[in-house]
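J.: Each chain, written out:
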Amino acid sequence: MQMPCPDAKIMAKKAQVVQRLTEVLGARGVIHDPAETRAYECDALTAYRCPPLCVVLPATTEEVSAALRVCHEENVPVVPRGSGTSLAGGALPTADSVILGVSRMNRVLEIDTDDRIIRVQTGRTNLSVTGAVEELGFFYAPDPSSQLACAIAGNIAMNSGGAHCLKYGVTTNNLLGVTMVQMDGTVIEIGGAHMDAGGLDLLGVICGSEGQLGVVTEATLRILPKPEGALPVMMGYDSAEAAGACVADIIKAGVLPVAIEYMDRPCIRACEAFAKAGYPDCEALLIVEVEGSADEISYQLDTILKIARAHDPVEIRAAQDSDEAARIWLGRKSAFGAMGQINDYMCLDGTIPVSALPEVLKRIGELSDQYGLGVANVFHAGDGNMHPLILFDANKEGDLEKCEEMGADILRLCVEVGGCLTGEHGVGVEKRDLMSVQFAREDLEAQMKVKDVFDPKWLLNPAKVFPLDVSEGRRA
Amino acid sequence: MIRPASEAELAEAVRAAHGPISVRGGGTRGPLPAGEALTTSGLTGITLHDPAALTLVARAGTPVEEIEAALAEANQRLAFEPMDHRGLLGTNGTPTIGGVVAANVSGPRRMQVGAARDHLLGLRFVDGEGTIVKNGGRVMKNVTGYDLARLVAGSRGALGVITEVALKVLPGTETCANLVARGLDDAAAVRAMSAALGTPFEVSGAAHNPHAEGGPRTVLRIEGFAPSVTYRCKALAERLAPHGGWEIETDREAVRAEWRGIRDVAPFHGEQGDVWRVSVRPSQAADLVARAGARRAYYDWGGGLIWLLTAEGDDLRAKLGRYDGHATLLRATPATHAKLHTLQPEPLALQALTRGLRETFDPRGILAA
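As they're listed, the protein sequences go chains A and B. Residue 348 in the numbering used here sits at position 348 of the first sequence; the count goes up by one each step and never skips. Residue 270 in the numbering used here sits at position 270 of the second sequence; the count goes up by one each step and never skips.
Derived by calculation from the structure, the hints in this document are not laboratory data. Backbone N, C-alpha and C define an ideal beta-carbon position, used for all residues, glycine too. Some hints here could point you the wrong way.
[As the list claims (entries may be wrong)] The calculated lysine-lysine pairs, modelled on DSBU-like cross-linking and capped at a C-alpha distance of 35 Å, are: (1) A:252 <-> B:134; (2) B:234 <-> A:306; (3) A:457 <-> B:134; (4) A:449 <-> B:339; (5) B:234 <-> A:226; (6) A:362 <-> B:134; (7) A:226 <-> A:252; (8) B:234 <-> A:252.
[Claimed, not checked] Covered by chain A, according to a simulated footprint, are these stretches of chain B (three or more residues, beta-carbon under 8 Å): (9) 108–120; (10) 140–147; (11) 320–329.
[To be verified] Some chain B residues judged to face chain A by a derived CB distance under 10 Å, without partners named: (12) 50; (13) 125; (14) 133; (15) 134; (16) 160; (17) 171; (18) 172; (19) 231; (20) 305; (21) 350; (22) 353.
Just need the whole structure built from these sequences, with the hints factored in.
T.: Written out as structure tokens, the structure reads:
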């Protein structure tokens with residue numbers, strides 16, 4: 001993976017840039033000592049690191065505007081950062097860039113349960129948004145697995161999803177309005193506590209633009225009343241085909257579970273060794289969760305169990321109470337930690353049409369043999385979002401490169417069967433150079449034209465999303 | 001009338017255009033832009049329906065009716081229940097799925113399941129220079145690159161001509177029922193609807209008609225499996241007791257017909273005057289209606305959407321003043337449309353972005369002129 005060469009002119013005027021930023025933010029809002037900027041050298045894609053020129057931590061929208069105006073005038077690239085949990089390198093700096101972190105802006109500005117909205121500063125973490133409304137009987141639906149740490153700013157930048165998207169949608173379906181600062185310092189308000197745009201759906205294109213169109217400082221989010229209850233059922237199968245057919249039949253029967261999770265044998269074994277959730281040793285494990293009152297849950301579970309039994313399961317276990325529910329989820333929720341204990345791994349994020357699941361799993365198995373690297377699959381089966389974990393040894397020469405090549409092959413496969421490169425993690429730098437696999441030059445051109453309008457100088461997070469050769473004429 | 005038979009022909013027609021072109025699907029949804037007529041009615045057909053993946057892909061000119069029929073066969077539906085504008089606007093074409101997406105047309109269920117744009121998985125379009133662009137895809141979770149699909153959805157043809165759409169569909173509902181309260185004033189009705197929408201009982205419609213036959217009528221819709229509908233109606237009626245007396249109506253066909261009427265603004269059919277559609281923060285809705293001084297009003301989306309029937313040429317936006325939301329002029333004479341603007345004028349900074357996007361996708365200014 002390549003990043004553009006840092007601009008020597010910018011590197012040479014670091015002192016001046018720092019001084020101007022300090023004038024508008026105060027010393028507390030600017031970090032420039034190399035010992036301290038190191039903390040910002042990477043996000044959760046830790047394979048790539050580069051300390052930034054400096055870091056700014058504004059406390060208000062006005063300060064964000066002032067800081068961006070300085071960088072705009074000085075022609076310094078800016079990399080916005082939420083909590084730094086991106087798995088795609090969305091917050092990876094270049095040496096000539098200023099990191100703009102929103103972490104100091106984490107207040108709740110308004111809660112209105114009548115209008116079913118919450119307005120927050122975007123440095124607030126995802127889980128603490130739900131935390132702020134939980135006692136009132138509400139929750140914020142998108143639930144990426146990093147929700148304890150990840151910021152709403154990053155959720156909006158990446159249009160984050162989670163395990164419950166099948167029913168509740170992803171960030172873009174739950175975002176009603178934003179306050180955003182453009183690269184030249186202009187502050188704009190889009191949307192609010194009402195629904196839908198009166199003109200162009202600018203909110204729609206801002207969400208998921210990976211911090212390349214502006215810095216979102218405040219957000220109005222839709223909150224939903226908490227369901228009366230939820231219970232999962234777990235079922236094991238001897239083949240991916242049987243599990244896939246079971247999922248298809250559940251959906252075709254008109255039941256809409258809130259989550260359908262899929263794990264394959266390597267993943268089941270690792271989770272079982274780690275969490276002792278009592279999973280059967282089988283080829284494919286499904287966890288299906290439904291919501292409602294006690295009676296509604298049992299009615300839906302009956303329908304699901306009838307379908308599940310028709311596909312000859314190895315084992316079926318329906319949770320009767322919250323303890324059993326927790327045990328069923330325990331293994332799945334510790335999947336990434338369990339894999340991390342036994343191996344280094346790279347987590348992919350491609351999406352495929354659900355019907356292609358058996359074929360894709362088979363071909364991932366073939367790639368695994370071909371590259372000599374193990375793969376464990378965790379999968380949001382309801383919405384087709386795969387998370388293959390490729391196992392490698394970071395200390396072994398060449399293993400990371402081999403792992404990346406294999407990852408690229410898996411993502412090409414996702415596109416080939418009608419899917420996409422990334423379902424919820426974003427492109428960042430990680431999938432940047434594969435964009436041409438999914439998109440024709442004209443498709444990328446149309447996307448870049450949007451950035452031209454919002455950020456004509458291409459200073460916001462410029463080395464991400466688009467392959468460097470494709471964006472070359474546009475970047476400074 | 002230009003009637004391309006393929007996406008390639010459509011792109012060629014746009015490239016060859018010398019002046020403004022007036023793009024339309026069925027032409028049922030209100031004022032058409034000036035210019036040479038170009039219809040997508042030659043681009044038809046469902047190209048993919050994968051019931052197990054809850055996915056449908058269709059060419060833009062495919063009639064909505066055809067899509068709804070195909071989905072019904074698999075016991076599925078377009079959950080955002082797009083409005084049919086013909087009764088309100090007196091148009092008589094065939095509504096197309098491209099038109100639904102281009103105008104982001106949704107119905108009463110929008111507040112629970114999202115708008116047309118929320119069900120859009122991807123699309124293909126031809127921009128103002130005749131370039132074919134694809135964005136999104138056919139899978140439910142996709143954050144690969146910018147979300148142009150949502151930008152183009154609802155752009156009313158200003159950024160390009162949609163040629164194909166991929167939509168998320170949902171299972172059909174086994175049955176439905178209404179909870180009805182009579183005689184609530186507007187403010188009380190909005191409070192009751194908010195209370196209902198704050199319960200876990202998944203209210204999928206919440207409307208209030210102050211001018212209904214026999215007095216104000218507040219209606220809440222519950223849908224799902226039969227035992228679940230029965231349970232939720234009862235639980236909801238109990239929860240809403242402080243907001244009035246609620247009757248449960250279980251005649252499925254009558255319930256469906258009433259919501260079709262709400263969706264299509266039936267109370268205003270055949271009535272003289274301009275029609276406005278106002279998206280608003282629900283808690284401001286009753287005040288807004290009081291300020292509007294309209295001939296008639298009714299509320300959908302639990303108060304989040306207000307339909308207003310006003311005197312011809314009345315500048316509603318001036319009367320409404322400041323509020324959280326926007327007003328679209330949906331039915332009026334061409335002169336009133338020209339004078340008052342169809343869409344809510346945007347603040348200057350947003351105008352600049354809108355203009356910039358239109359210029360970049362349509363540098364010759366031939367679309368939606």
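J.: Take the hints in turn and mark each one as holding or not.
T.: Hint-by-hint comparison with the structure:
For the hint pairing residue 252 of chain A with residue 134 of chain B, the CA-to-CA distance comes to about 29 Å; that is within 35 Å, so the pair holds. A hinted pair counts as satisfied when its Cα atoms are at most 35 Å apart, and residue 234 of chain B with residue 306 of chain A qualifies at roughly 28 Å. A C-alpha spacing of about 25 Å is found between residue 457 of chain A and residue 134 of chain B, which places the hinted pair at or below 35 Å, so the restraint holds. Proximity of residue 449 of chain A to residue 339 of chain B is assessed by CA-CA distance (about 32 Å); at most 35 Å being required, the pair is judged to hold.
A threshold of 35 Å between alpha carbons decides the hint, and for residue 234 of chain B with residue 226 of chain A the separation of about 18 Å falls inside it, so the pair holds. Annotation: proposed proximity of residue 362 of chain A to residue 134 of chain B holds, straight-line Cα distance about 29 Å (limit 35 Å). Distance restraint check for residue 226 of chain A and residue 252 of chain A: the Cα-Cα separation of roughly 26 Å lies within the 35 Å cut-off, and the hinted pair is therefore satisfied. At most 35 Å may separate the alpha-carbon atoms for a hinted pair to count; residue 234 of chain B and residue 252 of chain A meet this at roughly 28 Å.
Note: the segment 108–120 of chain B has 6 residues with beta-carbon separation from chain A under 8 Å; the three-residue rule is met and the coverage holds. Residues of the segment 140–147 of chain B lying with their CB closer than 8 Å to a CB of chain A number 8, which satisfies the three-residue condition for coverage. Coverage of the segment 320–329 of chain B by chain A holds in this model, with 5 residues showing a Cβ closer than 8 Å to a Cβ of that chain against a need of three. Against a cut-off of 10 Å between C-beta atoms, the interface hint on residue 50 of chain B holds, since the closest Cβ of chain A lies about 6 Å away.
Interface hint at residue 125 of chain B: satisfied, since its Cβ lies 9 Å from the closest Cβ of chain A, which is below the 10 Å cut-off. For residue 133 of chain B, the shortest C-beta to C-beta distance to chain A is roughly 4 Å, which falls under 10 Å, so the interface hint holds. For residue 134 of chain B, the shortest C-beta to C-beta distance to chain A is roughly 5 Å, which falls under 10 Å, so the interface hint holds. Because the closest C-beta pair between residue 160 of chain B and chain A is about 9 Å apart, less than 10 Å, the hint holds.
Look at residue 171 of chain B: its Cβ gets to within about 4 Å of chain A, closer than 10 Å, so that hint holds up. At about 6 Å, the closest approach between the beta carbon of residue 172 of chain B and any beta carbon in chain A falls short of 10 Å, and the interface hint on this residue holds. With 10 Å as the threshold, the beta carbon of residue 231 of chain B comes within range of chain A, its nearest partner Cβ sitting at about 6 Å, so the hint holds. Taking 10 Å as the C-beta contact cut-off toward chain A, the hint placing residue 305 of chain B at the interface holds, the least distance being around 8 Å.
Because the smallest distance between the Cβ of residue 350 of chain B and any Cβ of chain A comes to about 6 Å, under 10 Å, the interface hint for this residue holds. For residue 353 of chain B, the suggested interface contact is upheld, since its CB lies about 6 Å from the closest CB of chain A, less than 10 Å.
Consistency with the previously given hints is maintained throughout, with no hint failing.
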